[in-house]
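**Student:** One line per chain: the protein sequences are A and B, in this order. Using this note's numbering, you'd call the opening residue of the first sequence number 1 and step up by one each time. Using this note's numbering, you'd call the opening residue of the second sequence number 1 and step up by one each time.
Honestly, the hints are just simulated from the structure, not real lab data. One thing to keep in mind: the hints can contain errors.
Unchecked claim - Cβ-to-Cβ under 7 Å is the rule here; a few derived chain A residues that face chain B:
#1 46
#2 48
#3 94
The C-beta atom is built at its ideal place from N, Cα and C for all residues, glycine as well.
Here is what each chain is made of, one letter per residue.
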Amino acid sequence: AQSVTQLDSQVPVFEEAPVELRCNYSSSVSVYLFWYVQYPNQGLQLLLKYLSGSTLVESINGFEAEFNKSQTSFHLRKPSVHISDTAEYFCAVTSTQGGKLIFGQGTELSVKP
Amino acid sequence: DAGITQSPRHKVTETGTPVTLRCHQTENHRYMYWYRQDPGHGLRLIHYSYGVKDTDKGEVSDGYSVSRSKTEDFLLTLESATSSQTSVYFCAISGDHNEQFFGPGTRLTVL
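The task is simple: from the sequences and hints, build the whole structure.
**Tutor:** Following this line, the structure appears as structure tokens:
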């Protein structure tokens, strides 16, 4: 079975500052990893995913995440955030062999002017 | 965006009444899911389906039932709604690597 821990429930940050949202996972088998974003009053949207290959994956809006197998982490980073990045972010993991998608509890990113 | 719609988008009902939420997909995906989202609890899986007439329970299935008579539709029924079932309900479908694509949600209030 897999589990996910998002280490921060809330992250306040000023506009144009860098941000890191931390995600650690636990699994005895190979995994796929995902980050989702949820804007207020909307559903979850897939932001980026790690399936295989390069450990650094990027989204179209400037976020990136790095798969670190030795530290079982998949932290999400952005070098310069915008007000519009204010949202809740969820990390998720699933086994490459199939099974359920396991979500973390979410991190609220609040970008202040 | 994945073609997933949910109806209704908002509903207010009274305790003890039955409620059915509908999820419709146009992607022909085999797997479909129902979640509820509540403050402090994140996303919790209610039920899922792995094909027509094939369903299974998630972690919070008590008080809920589901049906899937067609690939494109997955119905969630609250047989006798309670105030504890006030929540936002999301439907999702699976992609090729079990990434899930979510609908817009249904906000249900049980008075």
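**Student:** All the hints need checking, so say for each whether the structure fits it.
**Tutor:** Each hint tested on the structure:
no.	hint	result
1	46	holds (6 Å)
2	48	violated (10 Å)
3	94	holds (4 Å)
In this structure, only the earlier hint numbered 2 is contradicted, and the remaining ones agree with it.
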